[in-house]
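Residue strings, one per chain:
There are 2 protein chains.
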Amino acid sequence: MEPMTFEEYLHNNKIQPSGTPVRAIERRVTEFPKIMLLRFRLDYALLLCALRLHWLSVCSADPDDVSEEALNVIYNSAMSGVIPSRAVPPEVTQKAYRTAEEDRIQALPGLDQPPNFRQYSGYLNASDGKYLHYWFVESQRNPSRDPVILWLNGGPGCSSVDGLLSELGPFHIREDGKTVFYNPWSWNKFGNVIFLESPAGVGFSYASDGNLTAGDASTAVQNYAALLDFFRKFPQFRKNDLYITGESYGGFYVPTLASVTVADGKLNLKGIAVGNGLSSNSLNDESLVFFAYYHGLIGEEVWSALRTHCCRGMPVTRENCDFQRSGLLCTNAVSGVFEIVWRIGLNVYNLYAECPGAPQGNTQWARYATDMKHLFSHARDTSMPILKRYEEDRYFKIDGDHTYFHKRELDPPCINDTRIIKYLNDPKVRQALHIPDRLPHWTVCSSIVSENYVREFNDMSPFYRRLIRSKIKILIYNGDVDMACSFLGDEWFVDKLNLDVEESRRPWRSQGQIAGFVKRYNGIDLITIKGSGHMAPKDKPVEMYKVITTFIDGNGERY
Amino acid sequence: MEPMTFEEYLHNNKIQPSGTPVRAIERRVTEFPKIMLLRFRLDYALLLCALRLHWLSVCSADPDDVSEEALNVIYNSAMSGVIPSRAVPPEVTQKAYRTAEEDRIQALPGLDQPPNFRQYSGYLNASDGKYLHYWFVESQRNPSRDPVILWLNGGPGCSSVDGLLSELGPFHIREDGKTVFYNPWSWNKFGNVIFLESPAGVGFSYASDGNLTAGDASTAVQNYAALLDFFRKFPQFRKNDLYITGESYGGFYVPTLASVTVADGKLNLKGIAVGNGLSSNSLNDESLVFFAYYHGLIGEEVWSALRTHCCRGMPVTRENCDFQRSGLLCTNAVSGVFEIVWRIGLNVYNLYAECPGAPQGNTQWARYATDMKHLFSHARDTSMPILKRYEEDRYFKIDGDHTYFHKRELDPPCINDTRIIKYLNDPKVRQALHIPDRLPHWTVCSSIVSENYVREFNDMSPFYRRLIRSKIKILIYNGDVDMACSFLGDEWFVDKLNLDVEESRRPWRSQGQIAGFVKRYNGIDLITIKGSGHMAPKDKPVEMYKVITTFIDGNGERY
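Residue numbers (our numbering), protein chains in the order written: chain A, -17 to 541; chain B, -17 to 541.
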């Protein structure tokens, strides 16, 4: 069967073909409680409102206290029956939701040698009519004893199956988009790995009512419900150690989900790992300005403009400057930096790698606009010409040309995933993975999810504090030439948590070479991977394998 | 004939096997005028003393004026008969110094296809008994019209023939150390290139009296004398455009030599190009601290120590900090940074490349000690334990084990030049290059030259100002992941010259990809090569070729 058109998709999923989804969302965010009640089922709305309202007071209150309250809302929901699965909805869902044995992948197209491990693909019930597609690969070592590892790619809106097929999964796809080869550094060499497409709308995941709006809190709730459902489907893994891991915007997904998991206490969570994660919006933005200058991307003219307009004429330092609230001229200077990093054709995910097809025009505008929107949220109502330009691009260039669904793809810039898109949209592959015919074309990232995503949190500190108190092991690793989420922002983030240092920063080695630097805090292992971009399991597979196995499997050995 | 032993070399060249060459040099530098008179011939001594003495007043005087006077000393010497060649000394020299036609390379061992250009190897008379080995490759395009390009590797003490065989020359050596292949991005595709081993003592260059002591001024004088002698040997190139180019410590060799050349007015100098050059000692040192932090090599602990001890508790910025004169605790903090950059096994010449054989122990100590010596010249007499340790290593580890001459090699760390060392020490190759049998083993860098080199200048600004006034075209290019001479130090250096900006900083492209950033000042083209280390013609040959041809050959075209 042909993938449906975009119009069919909208119709089938009851999505209004709104020309201004972002503006709508922004209104919702501004007039939050009232609008939310109309949009979500009551229990969700209560949960999110409470979270949001409590969160708004974070700045002036003790962060741990607020976190406690905010989290309690999730926990209470989780434990009061909101999250557990409900009756499977009709149509697609009845075909899609099946038992573990029905989800078993019998033969993966394009694979010569059958794998020496069991694997499953199907759906997990994420509550409230959301069904999240998962692809589960058992360990190649000892499935019954090895840990269960959940992997979440970021975005928001990007697919964890991309992470499977191009980063840490056992199968990688050849250039032909048809044949499959084994990745020798797959994380299922030592763990049972779940790749979860989240939230609904991402990849093959869907919402039976077509509502693909999600935010930080509702995504945590969806992910937790799906995780509970996983252990319902696969009860034999309930007693294994559980690790929640992820990348990029997974820096928000992982600690929030882990906090819910800890609070609910049903699962055997041992640790979390976050790769090139967003941990704090402001530290990520700020650090990028410094990263850009000291990596030679901006010169003395821009630096001097920043000094004048953002730093009250003082030297450009974190302490002297406020890049967000220093007025129009500062915003223009900062936007100049962001324009260079995101828009001119650099590979934002790996400064020293090529940017295939650069510059990618629309797509890059889209990602950039998303970023700018976030940075300059305070300046929305000013008459800044540069922001206006971004907004126009956002609406006209992207939304103006979507005859077919796949035109709305929001591929990450400078990353060529053509082979994976081709592979996953092959009807034989979809069939092998038990994907219902009526679901649309698979894309790396969903622009609908991304554009409608409500970013409720600004900083993950309270969640990390909570996890550390609960003795959850934490790994934060960063490829050090990534600009989307730079190592520097995460180092500042962890440093700010003010934890005791257990082992001073030192180089660590792989194959006799210095592979990065590691610093161990009481609660967090912080490690850089030298020369790696955003996707460390892809850029530096050998080094990354050493890091993750040492963390998960190493019994306190040195990196 | 067997390469001679180190003892034979010392004896033949009348070198005292001193255990403390550096201490001796340091005494000389401190008690400069008196000692210098004893060590050099009178004309040299006058020249150097005058230069040195004038230079000492640079800080308080107008730099251009001082430059004028200091340079006049060189010019006067150059024009008053000091520099022109004198009677060829006996023995080695009589065999070594020959006519151009005698210098012609008839067949280069290991090369399958004879080249489509003429090439020569022999000696140039650098005056005062110094004979510098040159290897000259004519242009593959139009030798009679193409420019003459002099290339100088740095060190001090390193060989430009290494630059020929591993960077920009037409011949590169295969791993076997025997066979030769053509480099498609050789600079002799568009120019007649002279590779000059300078000063005497480097590579196959020698001093007939065994005096291998040199400094910034005497090296400029040697180089200029050799250049004059080149045009005496090859008068047919006298009217061609001349470019003086070089790398690393060539950042000092090139502008000083160019200034002498301009002042003397005999040669047709059109421009200079400096790659990853040292331009200012203090800016190079300072910038490295920032480079290290913002590339993730040092963490918050070291940064905080720098803040406390070097920056009076204020944020770490160029403006707030004095890394050289803030006392012992600051020196310790800075030495911690330098230790990480130079000593732990990182490739200082390309942060993201491997370090073959890392850590190389002695060799790295040696280079590091050289660097430390320079940075902490003010702290020589303090009882700093860390400096003492370096000095001990310098004397005992390096000097304590030199049964054979080649044990004293000072190979650059993390660079595997084994194939080139093997090739150039093959007796058949030496014969083809017309190297006298009695000269010792060829090494990439000479520790004798390096350790005895007198660094007289601190900053090249006055020389650049002079060249700009004389309308000499200038290119400063930097691989941006080099730490030995970081792009940042050179950007700061050029910025400080306060030149008018002709073209704002912008990305430039090669093969559709962003290859770096370029900014054009009135007088200087400043350009970075993204992802390249110290040796851009080796690391990024295609990109480098575009840069150098645009500069030399481009008639003002855009990079």
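The set of hints was computed from the structure by calculation and includes no laboratory data.
C-beta: ideal position from N, C-alpha, C; glycine also.
One thing to keep in mind: the hints can contain errors.
[Unchecked claim] Calculated Cβ distances over 10 Å to all of chain B for the following chain A residues: (1) Phe213; (2) Thr299; (3) Phe499.
[What the hints assert, rightly or not] Not everything, but these chain A residues come out facing chain B in the computed CB check (under 8 Å): (4) Arg80; (5) Thr81; (6) Pro166; (7) Phe273; (8) Gly281; (9) Gly327; (10) Phe469; (11) Glu473; (12) Lys501; (13) Asn504; (14) Gly505.
Do the hints match the structure? See the list:
1. Phe213: 38 Å, holds
2. Thr299: 4 Å, violated
3. Phe499: 6 Å, violated
4. Arg80: With a closest approach of 46 Å, the Arg80/A hint is violated.
5. Thr81: Cβ of Thr81/A sits 47 Å from chain B, so the hint is violated.
6. Pro166: Hint violated; Pro166/A Cβ to chain B Cβ min 20 Å, cut 8 Å.
7. Phe273: Status holds, d = 6 Å.
8. Gly281: 4 Å, holds
9. Gly327: 5 Å, holds
10. Phe469: Hint holds; Phe469/A Cβ to chain B Cβ min 5 Å, cut 8 Å.
11. Glu473: With a closest approach of 7 Å, the Glu473/A hint holds.
12. Lys501: 6 Å, holds
13. Asn504: Violated, because the Cβ-Cβ distance from Asn504/A to chain B comes to roughly 15 Å (cut-off 8 Å).
14. Gly505: 16 Å, violated
When the structure is compared with the earlier hints, violations turn up for hints 2, 3, 4, 5, 6, 13, 14 and for no others.
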